[in-house]
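Asks: Residue numbers (the working numbering), protein chains in the order written: chain G, 1 to 499; chain P, 1 to 289; chain U, 1 to 513.
By construction, these hints were calculated from the structure, which means they are not laboratory data. All values derive from a computational prediction rather than experimental measurement. By construction, the Cβ of each residue, glycine as well, lies at the ideal position given by its N, Cα and C atoms. Among these hints, one or two may not hold up.
[What the hints assert, rightly or not] Quick look at which bits of chain U chain P covers, simulated, 3 or more residues with Cβ under 8 Å:
1) 157–167
2) 206–212
3) 308–317
4) 324–331
5) 471–483
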Amino acid sequence: MKKALSLIMVLAMIFALCVSGTAYADSQLAGTYDITVWVADAIVDLTKQQIDDFNATNTDGIVFNAKVEAVGEGDAATQMITDVEAGGDIFCFAQDQFARLVQAGALAKLGVKAAETVRANNDAGVVAAATVGEDLYAYPLTSDNGYFMYYDKSVIPEEDIDSLEKIIADCEAAGKYFSMENETSAWYIASWFFGTGCVSEWETDSDGSFISIHDTFNSPEGLIAAKGMKKLLDSKYYLSSSDAAGFDSGCAVVVTGTWAYETVAGILGDNLGAADLPSFEVDGKEYHMGSFNGCKLMGVKPQTDAVRAAALHKLAQYLTSEEGQMERFNAVKWGPANLADQANEAVQANVALAALLEQNQHSLPQGQIHGSWWDIAKVIGTDVKEAKDEAGLQKALDNYTAAISAVFNMSDADKNAWSVIGSICGTNWDTDFAMTEGDAGVFQSEVLELKAGEELKCRQGKSWDVNFPADNVVVEADGSYIVQLTVDGDSGVVELIAQ
Amino acid sequence: MNETLEKRHMGLKASARISNTIIYIVLILMAVVWLIPFICIVLQSFRVESTWQVGYVIPQKWGWDNYVALWNSDFKRWYLNTFVIALCVAALQTVIVLCMSYTLSRFRFKLRDGLMRFMLILGMFPGMLTMIILYRVLKDLGLTQANAVPGLILVYIASSGMGYYVSKGFFDTIPKSLDEAARVDGATRAQVLYKIILPLAKPIVIYTILTAFMGPWGDFVFAKYVSFGTSAGMNVAVGMYGWLQLDQIGQKYTMFCAGGVIVAIPVTILFMCLQKYYVEGVTGGAVKG
Amino acid sequence: MKQYSDLEYLRLSKSQKFLYKLASFFTAIPRAIGNFFLAIGRFFKNAGLGVGKELADIFLTFKDGDWKTKTSYLVMGFGSIARGQVLRGLMFLLMEVVFIFYMVTAGGHWMSMLPSLGKIGPHEEYNEILDAYTMVYGDNSFKILLYGVLTMFFIVAFLYTWRLNVKQNQLAEEYLKSGRRLKTGADDLRSLVDEQFYKTLLALPLTGILVFTVMPIVFMILVAFTNYDGTHDGYNNALFGWQGLSNFRTLLTWSGSGVNYSATFGEILTWTLIWAFFATFTNYFLGMFVAMMINKKGIKLKKLWRTVLVMTIAIPQFISLLYVSKMFAKNGIVNGLLLDLGWIKQAIDFWGSTAHNGLLPRVMVIVINIWIGIPYLMLIATGILMNIPADLYESSRIDGANAWQQYTKITLPYMLFITGPYLLTSFTSNMNNFNVIYLLTGGAPTNAAASGAAGSVGYTDLLITWLFKITTGAEAQYYLASVVGIMVFVVVAVISLVVYNVLPSIKNEEDFQ
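Isolated chain G (complex conformation):
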């Protein structure tokens, strides 16, 4: 039956081509294109269907002869960067890969009109995620790449789900795990910091290179976040994983996203609960855990032929249109980015998406984050786990800052700032004490308690590129000192002024 139908469709198309050949001649785009499309395994069949529909309905006479391959969203970016030429003409990827892809020259800019349409119809967060400078580089595929909490109703009573402490207690009482991937994924770690109001904002220039960072993870709020995280990490029944199958091997809570819905539903059945993340309590104050809200995007590979490029953009537009996104929601329950779709009743009735929407009130849009950030920030998890006390937690944050400033250019003010470092005040050449400039070229530290035999140096921009004096200063007698540095051209004099 299906075969017969498609046969008829093909015949009808050929017929239409013959009859209205003149009408198509207006369009420069008419023609047959061999293309490769990379999408996630779950939507391969759907995408094939959608391309057939496009071939049948478009008015430009475009016929795509498409090879649709299953390439996971994580893999797609890595493989595009390995070899852009051999990559899919149209491919899907998660937002965190966006900056890499633009820098690698693997994404074609959207035309002016196409960009306008996308901006008008999709949620602002997603549009921002696909923008570099003034230009759009990708089409919104979904707006559901965030995380929230799935839980087992038989273990966690409904009234407990707003409090992390209560949930942990329930888990421990039942001997069930609380599963959240804090040790290997910065994406989840950020939840704690966003919850206390920390931010990590990144600005790119038109090439997709990063020009500045505004990051407040290392702050009093950040320390509160680390304390909250430590509570969970210290629990006997904590598991660092985001695998929904954990429900079948001892988990009562898994923090993960909409893609896991079917697995969770399969395991928990009626006991499935989905909710926004809970609040955690530090020093008597409640903080609601935050999250990233991200999206999946569809990109077109840069082309050398304008006609082919235009045709491909038409297809991408079609696949990510209001109907295209709705079809995907119906087939695999991916949450749409299209504003009209988001208002749809069926979408709003979905348990997982509802939880995600709830969580979105506490989430930050996942801007353009540098690929290295994910590697750097995930270390916070292991550092916090190892920390013994508050100083340990603070050290985790200091490590993070050091790693960030090592990879990214610091602001000019930071680069020029001087600091004292040494075996002083219980530190061991790993902590910088800030200095402030008084008279021109004279920098002073706060009052420091120094002991005889301790050694120190002054350095600029927390790096050893410029430092004074050549040999370490050795403290001669215990006491309170101000460290004073006088810089004159290429030389600098360090003095200890007793208070």
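For chain G, the structure is supplied; the task is to place chains P and U on it using the hints.
Replies: Here is chains P and U on its own, set in the frame of chain G:
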């Protein structure tokens, strides 16, 4: 006198019995440890009540569903690809390795020592580094993605000459006097190889074929590089590795186990049958290096 | 150290002998290292002398040669053809024609681009009517480097052939002068299956190695001197160019603020060596032990035990190792079983524990590697143990030796002597054992101290998996991977050469035949 001897004899027997019992216990424990993962994989592959990882071993509901799902997936294609690659590599690599090792064992020519030292040094470079360049070379030859199968065969066999150590060691153990006798009788060097040496080298030939055949089943790092984005060019390892990714593991985990069983069967059977030669080859050769 | 003569040595007591051997092993190490550098020096000296000699030879051949020889300097193979060695001559001529054709059509272009690695980068254009952006691509640095290297190989090969051609003329003249017959084409062909059969046999393998191993390695070494990475891929986003030694400086010294590559490298290297040591020797001794148990007289079902163990060899590692890694997850089967039995109160975080520099995961990978490795060693040891002459044991038993003495006096020395080279190769291949680490832990748990260095480094990461992370990581720093690769090579090479020079059983290759 007689009595004490008897006693001593019995003591020896008893102590032998005790030590044998201990050995049996150790061996049984080892057998269990070695077999558990495989038994688990087999059991999981018959689980039909769910498709994800679970915390128990024995399925609640048994069935062939996962194998049926395998049959309906691209697995067939991957399996065929891998099988073709393994066969071709087994044939060609054996020829190359035997040429190389026989030559280095039997001929003394000017550059021989230099050549052996050079290859030793080459082998110290981490092969992973050259992946990207090999990929580009294959791409320029049009042997990537959908055509990954011939491309992979080419790369696997091209450098296989470097792995001559084991079989050279084996050839070294065949007395040179045999060659010389044949040469005196007027045989050419080529005839010596075909008529005298090869029949004696059966274990090492089989050993080489066996290892060459087994290699391609497990390679997924380079194979992934070469076949990315094209299901038609993948081998089993690359294809199945995709099933363990976050977006698929919930649906494909038990299929992965079933696939593992199907992959393991031919290699295991082959290995069991040819184990004798493998041992002869490896002991004749590996020890010499 | 005092050197003993043979006679003095024999008079020493057992413990003295042992100490002497030990001491001579260690005193040999500096000498071995010294010899290594001396050998390098000698190599260059000989190479320099060799080139001078060759040049003089070429000049003299031209001066003294007849017109056929002289013409051959320009038209390769002319002399051979003129003297009746048509087949040889034609081969030479064909080489020359092909080489000139290649250099004119392509090689010259690549060589001329090599110093700059390309001048024109890609740029974008906008087509207003179609509302579409297109890319206009320029040079391709990668191809320039690749084909540049290839062309250099061709040039070297051509020079060698040309030299051969001159030599042939010289020899032919000598032959004719002394009245000997020159070899005909048929003679040449016949010799390829006889005296020179080795050339026939080696042609194919060596070509493969040259193109698919040597050339890529040369290429990757060159990459270490460029800035080739994900954002300078040489074609799609930006060209890459030569950077001199700055990448090595980055790895070996403090690089700006915070990231300390040298410390990271040192840390990973240390673990790599520890891993290689344990992975090699645990397998070696336990494998031998298992083989001895199975081979012991009176043990039945020998074949069954062997078969069970050998299954780990037959089943592809990506299946067995991935499964084993899931088994030991915090909510995996092993923890579940231990909890049910009440042996532990709290699940053990086998892969995630960072205590004591990730001691637990490190021990775990070594233990699971034993599971993988014992069967191989068991097979090898079985074969060797069977070869030990039984009368050695018999006579030692009569002398009253117990099992332990037999082991230390007979079995172990025999094994060690025969498998010395094998131990060395398995040590170096364990250093580069990608599969076990990648499939079991992927390098986890994250090493906080080494954060910020390219790719995130974990406690179980070996140099080889770090290298993989660098190339496939966020920034795809191929140049850095290349530098690390070269360092890995240096480490492996030094270790091998030292051991190679100290081990007795390798040197005497002919002893075994």
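Asks: What are the numbers of the hints the structure violates, in ascending order?
Replies: 1
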